[in-house]
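Visitor: As a plain string of letters, each chain reads:
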Amino acid sequence: MSGLRFGYGINRPRAIDIDSNDLRKSNEILREMPELQTCIGCGSCTASCTAGNLTEFNFRRVHTLVRRGEYRSAYEEMNKCMLCGKCRLVCPRGINTRGVAMLIKRKLGDF
Amino acid sequence: MTFFAPFTIPFIIGGAIMAAVLLAKYTLWAVRLPREDKRLIRRNILSFKSLAALWEVVRESLLHVRIFRVNPVLGYMHSSLALGWLLLIAVGWIETVAYLGLRWVPLQGHVFFKYFMPVNGITQHKAGFELAMDLLLAVVLSGVALAWIKRMRSRIMGLRRTTKHVLFDRIALSALWFVFPLRYLAESVTCAIYGGGSFLTGSTGSLLASHLDAETLAAVYEPLWWCYSIALGIFFSTMPFSRYMHIFTEIPLIFLRRYRLAPGIEPKSYDHFEVEACSRCGICIDPCQLQSVLGIDEVQSVYFLRDRRYNMLQLSVANNCLMCGRCQTKCPVGINLNTLRLNSRSRMRNIPNEGRFNYLSGIDRSSGEGRTGYFAGCMTMLTPRTLSAMDTIFRAAGDDIWHADRDGGVCCGRPLMLSGETTAARKMIEYNTDLFRRHGITRLVTSCPICLRVFREEYALDGIEVMHHSEYIRMMIAEGRLQMRRTDMRYTYHDPCELGRGCGIYDQPREVIAAVGELVEPAHNRRDALCCGASLANTVIDDSQQMRIAREMTGELEATGAGTIVTSCPLCYKTIKRAAGTETKDISEVVAENIFQP
Chain A
0 MSGLRFGYGI NRPRAIDIDS NDLRKSNEIL REMPELQTCI GCGSCTASCT
50 AGNLTEFNFR RVHTLVRRGE YRSAYEEMNK CMLCGKCRLV CPRGINTRGV
100 AMLIKRKLGD F
Chain B
0 MTFFAPFTIP FIIGGAIMAA VLLAKYTLWA VRLPREDKRL IRRNILSFKS
50 LAALWEVVRE SLLHVRIFRV NPVLGYMHSS LALGWLLLIA VGWIETVAYL
100 GLRWVPLQGH VFFKYFMPVN GITQHKAGFE LAMDLLLAVV LSGVALAWIK
150 RMRSRIMGLR RTTKHVLFDR IALSALWFVF PLRYLAESVT CAIYGGGSFL
200 TGSTGSLLAS HLDAETLAAV YEPLWWCYSI ALGIFFSTMP FSRYMHIFTE
250 IPLIFLRRYR LAPGIEPKSY DHFEVEACSR CGICIDPCQL QSVLGIDEVQ
300 SVYFLRDRRY NMLQLSVANN CLMCGRCQTK CPVGINLNTL RLNSRSRMRN
350 IPNEGRFNYL SGIDRSSGEG RTGYFAGCMT MLTPRTLSAM DTIFRAAGDD
400 IWHADRDGGV CCGRPLMLSG ETTAARKMIE YNTDLFRRHG ITRLVTSCPI
450 CLRVFREEYA LDGIEVMHHS EYIRMMIAEG RLQMRRTDMR YTYHDPCELG
500 RGCGIYDQPR EVIAAVGELV EPAHNRRDAL CCGASLANTV IDDSQQMRIA
550 REMTGELEAT GAGTIVTSCP LCYKTIKRAA GTETKDISEV VAENIFQP
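Protein chains in written order, with numbering that gives the first Met the number 0: chain A, 0 to 110; chain B, 0 to 597.
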């Protein structure tokens, strides 16, 4: 593999305003999958990601933004996921990441 | 001669409801079968397959041979009820013919013949028939008694747990429990008044006659026949809506299965036959590790099929299954439990999205040249020791290898399929098939049983020999291209679900291990092997629950006293490695370490 990317690139500076974001969906997701709150943001899920190896898809970024109430294009991004399950095997917190991926799509998609 | 009495009305109504509903259901299902299924039926119906199916009906729907294998008492309970009841009907039919000659008698005339005998002035009893009917009734009653005992103490019949039933089942079940005791009582009272009967109804009859006066007997006579008829009526009218639908549905199912009909990854009409052939016997509950280790109820195949049948299936139930297939190997009806669950998931989760995975086009990360392709699989990327062991093996065997995914490939599609996203999985299947074709390989080796299964079942790879690396290694040893050095190591082997029950590969890995050292088997192996718990099919249980299942399983592997645990699936490998204290290796590592090079 040509260099592992843990999902820490340089983004344009911006602020996430938790007060103005609608956290309803985020709260629903965290209620169904409370273990996601134990995420330490290490980025191992992104580094091992099959889809992330082929595209700019960054699972760490998607689920971190979703937790902060930033849902824009999260569903479309999540659809790049192949559900292969490597992220679950490498997660140091033992988070059910495949469950998270499916849950994000269920909550933020149109089904 | 008269063959009508008011008390027969509940029976007639119940019977009519049952016949109408059964006819409607079967006709609807048959009409809605897809065209290719209908073609299969037309092609096979006039072949020996029909005879084979008929024999299977006798063995499974009447004798219940497969249940006998699970537990003899449980088998006797089922066959005494099924075969006993059928013989009661058949011998009863012959009995009426023996008394009345060949003439038309309405259905209730046959069923309640004991009642209509004195009504029509038949007083001379044929002792042989009385004995035969009493004998059969005794057999059926013993089955009913066992059913009562099973409800109270299921362990006697080898079941730790029995099924929890829904309301319709409880009504039908209660009616069935009372049908035969009521028949016994009604016939006994008839014998007390009019004579006849044999060791069972006859002797109970004379006992009643000696203790009760004629007035009391006459007072309970009609009500008892009413009760018997009502119990039959309730049973027949609830039967098509309850678990007892299996009694008749298993017969068309056996025929259709012999005609090579099978469920697929998309739901279709044939599935009805499988879903409603489930008798909810609950044999699938005990093998389930979610039940035995984690104590999770209400998700096992019996409950899944029940929920699906009554349209109350929840995603959380459909998703909470390891799809290890242990229950499927035990199912006495032979229902394709995993495939049905898969296509339920696909109905609940499959969102066709044409643009999805468009990023795959033009990607080719493959490397190397050769007729043999190696598709390591996503999971194998996380077990680099397997990768380097396979390199050593390929080099030692002198095979030129084209690596499909060494620098990152595209998933095989099975994980998406397991989650019900079949349309999306198709994109992966198309991508990979195209990749394999473009590089002109004639053999495809994979280290991941999950990939192997989907390559074999869903890919159209004619002309490409698809094999698991354990098969490849065994073939290379047999051809003399790999020579093994024998050691005095003791190994134990874990059968991965997808490789064993999924692809039927049990012997090849064992032969490979036996070429290197001694192989000791764990308590559960081959078709009965335990799941490691990390199955991709389950997205509900959490990490600690997965590890509890894993520890239970590795406990058995370690109890063999072997120095090394061997497996041949990267997912099992990683799970065992976490749960076990013993050294764990992939089969390729064991081989690579012990290649004999003169």
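A few of these clues could be false.
[What the hints assert, rightly or not] Per the computed footprint, the stretches of chain B lying under chain A, defined by three or more beta-carbons under 8 Å from a beta-carbon of chain A, are:
| hint | region |
| --- | --- |
| 1 | 55–67 |
| 2 | 353–360 |
| 3 | 481–489 |
[Unchecked claim] Taking beta-carbon pairs under 10 Å as the criterion, some of the chain A residues facing chain B (in silico):
| hint | residue |
| --- | --- |
| 4 | Leu64 |
| 5 | Cys83 |
| 6 | Cys90 |
| 7 | Asn95 |
Bear in mind the hints are in silico, worked out from the structure with no lab data behind them.
The structure displayed is predicted, hence computed values, not measured ones.
No residue lacks a Cβ here, since even glycine has one placed at the ideal position from N, Cα and C.
Visitor: Against chain B, is cysteine 83 of chain A within 10 Å by beta-carbon distance?
Guide: 4 Å, holds
Visitor: Does the nearest C-beta of chain B fall within a distance shorter than 10 Å of the C-beta of asparagine 95 of chain A?
Guide: This hint holds: asparagine 95 of chain A lies near chain B, its Cβ roughly 6 Å from the closest one there, short of 10 Å.
Visitor: According to a criterion of three or more residues whose C-beta lies within less than 8 Å of a C-beta of chain A, is the region 55–67 of chain B covered?
Guide: Contact hint for the region 55–67 of chain B vs chain A: violated, 0 residues under 8 Å.
Visitor: Would you check chain A against the region 481–489 of chain B, counting CB to CB pairs closer than 8 Å, and say if three or more residues qualify?
Guide: violated (count 0)
Visitor: Does leucine 64 of chain A pass the interface hint, meaning its C-beta sits closer than 10 Å to a C-beta of chain B?
Guide: 20 Å, violated
Visitor: Let me know if the C-beta of cysteine 90 of chain A comes in closer than 10 Å to any C-beta of chain B, holds or violated.
Guide: With Cβ-Cβ at 8 Å, under 10 Å, it holds.
Visitor: Using C-beta distances, would you say chain A covers the region 353–360 of chain B, given that this needs three or more residues below 8 Å?
Guide: Answer holds; 4 residues pass the 8 Å Cβ test.
When each numbered hint is compared with the structure, violations occur for hints 1, 3 and 4.
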